[in-house]
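Since chain A is already given, all that's left is putting chain B with the ligands on it; use the hints.
Line by line, the protein sequences give chains A and B. Using this note's numbering, read the first sequence as starting at 3 and increasing by one per residue. Using this note's numbering, read the second sequence as starting at 544 and increasing by one per residue.
What the hints contain is simulated information worked out from the structure, not anything from laboratory work. Incorrect hints may appear among the rest.
Said to hold, decoys possible - Derived lysine to any residue pairs resembling SDA-like cross-links, with alpha carbons at most 20 Å apart:
hint, chain 1, residue 1, chain 2, residue 2
1, B, 786, A, 89
2, B, 836, A, 99
3, B, 836, A, 94
4, B, 591, A, 319
5, A, 153, A, 12
6, A, 139, A, 129
7, A, 212, A, 237
8, B, 644, A, 277
9, B, 591, B, 851
What follows is the residue order along each chain.
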Amino acid sequence: MLKVTFPRMGHSYIAFKMLLEDLGNEVIVPPRPSKKTLDLGVQYSPEFTCLPFKILMGTYLEAIQMGANTLVTSGGNGPCRAGLYAQVHQRIIEDLGHQINMICFEAPLSHPIDFLKKVKFLNSSKLSYLSVWQAIKKGWHKLKALDNIEKLTHQIRPRERDNGTTSRVYRQAQNWLGQASTIKDIDEAYQEAVKSLNNIPQAQDRLIIKIGMVGEIYVLLEPASNHEIEEVLGSLGVEIERSMFLTGWTKDNLNEKCNEVVTCHNAAKPWIPVAIGGHGQDTVGHVILYSQRGFDGVIQLAPFTCIPEIVSKTVLTQVSKQHNIPILTFFLDEQTGKAVWLPDWKPL
Amino acid sequence: MSGTTVGIPRALAYYLYFPRWRTFFTELGVNVVTSKLSNRQMLDDGVKEALAEACVPIKLYFGHVLSLKDRVDYIFVPRLYCLNGKTLFCPKFLGLPDMIKHGIDNLPPVLDTMLNNRDKGIISRRIEMTKSFFQLGEKFTRDKVRIVKAIYNSLKVENKYCQLLHKGLLPNQALEVLDGAKVPEKLGKGSLNFAVLGYPYHLYDDFINVGVFNKLHRLGVNTITTENLNSGLLENIKHNLPKEMFWTFSDRAYKAALHFFKEGKVDAILYVTAFGCGPDAMVYRMIELEAKKYPHIPFMVLMIDEHSGEAGMSTRLEAFTDMVRRRKELGACLC
Ligand code: SF4
Ligand code: SF4
Chain A
3 MLKVTFPRMG HSYIAFKMLL EDLGNEVIVP PRPSKKTLDL GVQYSPEFTC
53 LPFKILMGTY LEAIQMGANT LVTSGGNGPC RAGLYAQVHQ RIIEDLGHQI
103 NMICFEAPLS HPIDFLKKVK FLNSSKLSYL SVWQAIKKGW HKLKALDNIE
153 KLTHQIRPRE RDNGTTSRVY RQAQNWLGQA STIKDIDEAY QEAVKSLNNI
203 PQAQDRLIIK IGMVGEIYVL LEPASNHEIE EVLGSLGVEI ERSMFLTGWT
253 KDNLNEKCNE VVTCHNAAKP WIPVAIGGHG QDTVGHVILY SQRGFDGVIQ
303 LAPFTCIPEI VSKTVLTQVS KQHNIPILTF FLDEQTGKAV WLPDWKPL
Chain B
544 MSGTTVGIPR ALAYYLYFPR WRTFFTELGV NVVTSKLSNR QMLDDGVKEA
594 LAEACVPIKL YFGHVLSLKD RVDYIFVPRL YCLNGKTLFC PKFLGLPDMI
644 KHGIDNLPPV LDTMLNNRDK GIISRRIEMT KSFFQLGEKF TRDKVRIVKA
694 IYNSLKVENK YCQLLHKGLL PNQALEVLDG AKVPEKLGKG SLNFAVLGYP
744 YHLYDDFINV GVFNKLHRLG VNTITTENLN SGLLENIKHN LPKEMFWTFS
794 DRAYKAALHF FKEGKVDAIL YVTAFGCGPD AMVYRMIELE AKKYPHIPFM
844 VLMIDEHSGE AGMSTRLEAF TDMVRRRKEL GACLC
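Extracted from the complex, chain A is given alone in its bound form (with noise of 0.2 Å):
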């Protein structure tokens, strides 16, 4: 029996939870990154490797201390880290003398045959070509929905009256949508989510200020790399807007065709005129957009090391006095982790 488990990034897990169970798999899902996968990971990555990477290696070692056996996960051609990431840490486990399969699925347009094998060789329940594609539209259904409540958290929480509250449903809201197995199961979730969110109480008065959150997609997503900033700033009256979700980005590595992306590489062709790999061009296409929409500040999240976003940071200075919008970024690494890392925290 194939035991399945998958990088984690911030709420995606339970869409891909649904949808690999959808397949007839038992799921492992990892746990979220604590301080013990940090150390894990930290002690099987090469020294240099970016943030991502480590934890990443720590999800998987845990995930298969807890019985996973197979690993999805996804690849591309770079030129950045990311794309070699699978193969290296394969290595790495099997070097550790474990057996597992890992799945690394590539983009299925230019490796039609390669995605089509995975998928079969993940379809543990033989279900027919179109119940993998209804499954599959299913996850993606449920994944849009998380990140639509997501987005919805960050116009909410910063007006708040009681602080915290709005974690709170939004966590409640999860649990829900976890547990909605058909599109009309989440769409009701959904609603019902929409609707608790809105209700909370809000403070008339307050001052809210906008900042616009670009950087490295991994620590971006995923509220533990980062130290729940959204969570923190959120609290402290800032309302974010985040430049990148999964249900936005994979659109756009999967066809290439997604308006925002292009009007934000538009913006960026003055400074980087063409992909430099990672999201190193995304990032300077979106501090000028925030710029022009009038955003009061933009942060820049980065693993320690990342190679393009050092070369958007280089650029970035410039950005900043020219579209005059300042600009904070945060370089993130296990020391920083380490310090403010949250070690036992649980859904409420």
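For chain B with the ligands alone, coordinates are given in the frame of chain A:
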């Protein structure tokens, strides 16, 4: 436009492509100026100007540009994207002109020619490169024939340069030969043979790696590097990875390592890497894991950083060489 000077920083891709670039520019009547050999001052300046999180070679590149910028009319910082149709360069190469243009004040105009033939076949690859250089040439002359001739001659020189490298010369020696020096005598006088691997600008910048080659040669070690191998040979090396290393230099280094391990002729393999290098963090672990399969060939990683000390480096190299030598003698007695 005679009398124009173009500055070429003696760093990063310089070690592989300088002969070609220089020939191209001089054929168009442009003066080529390079920065000096890397030195402490340049590194310090670069460290000040570049982002703290950047890798050492990028900081050094900043230093080279700074030392050139007031002496030249243009600075040549090409955007090396993809040269062989397949592998790309590190994202910092892809964004190098941008980092330089927006990271250093008061620069002369930057020539940021895009060199990209990703996913192109063998012929369209040539056409693409010719186009790029043609556009570059048009900045300096209207004489199209002259540009074409310059491109042709630059390729000829590059060919010659590569031949010298394949004979076993180091890039700096090969450059001297191109400039008229005699081909140095056969280099292999030592009793040990090491493969020394790593990105060209880690290996061939004597300042940043504190003279690895000189030290090894003095210890009686003959060296061979990736650049000494025929490029056809590298391309044919099979590996068992699900996916290619998609960065040019990493791919070359990894394949060269496989070649030397499999061939089994060298006494040891050294890998030189730089502090803060993104791709290498993955690559040298892959090579390390590979090395485990060949326990009879000692393998060591040397890391260079902003403060690499002469003494520390010497001690490590001596200890390693001693170990290899003892092993070899022991092995010789046993059989
Ligand atoms: S974008 Fe940054 S974090 Fe992601 S693989 Fe590249 S270097 Fe690592
Ligand atoms: S390959 Fe490594 S050393 Fe070279 S520019 Fe990229 S990060 Fe720096």
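Checked hints:
no.: 1; hint: B:786 with A:89; in the structure: holds (8 Å)
no.: 2; hint: B:836 with A:99; in the structure: holds (15 Å)
no.: 3; hint: B:836 with A:94; in the structure: holds (14 Å)
no.: 4; hint: B:591 with A:319; in the structure: holds (15 Å)
no.: 5; hint: A:153 with A:12; in the structure: holds (13 Å)
no.: 6; hint: A:139 with A:129; in the structure: holds (14 Å)
no.: 7; hint: A:212 with A:237; in the structure: holds (13 Å)
no.: 8; hint: B:644 with A:277; in the structure: holds (17 Å)
no.: 9; hint: B:591 with B:851; in the structure: holds (18 Å)
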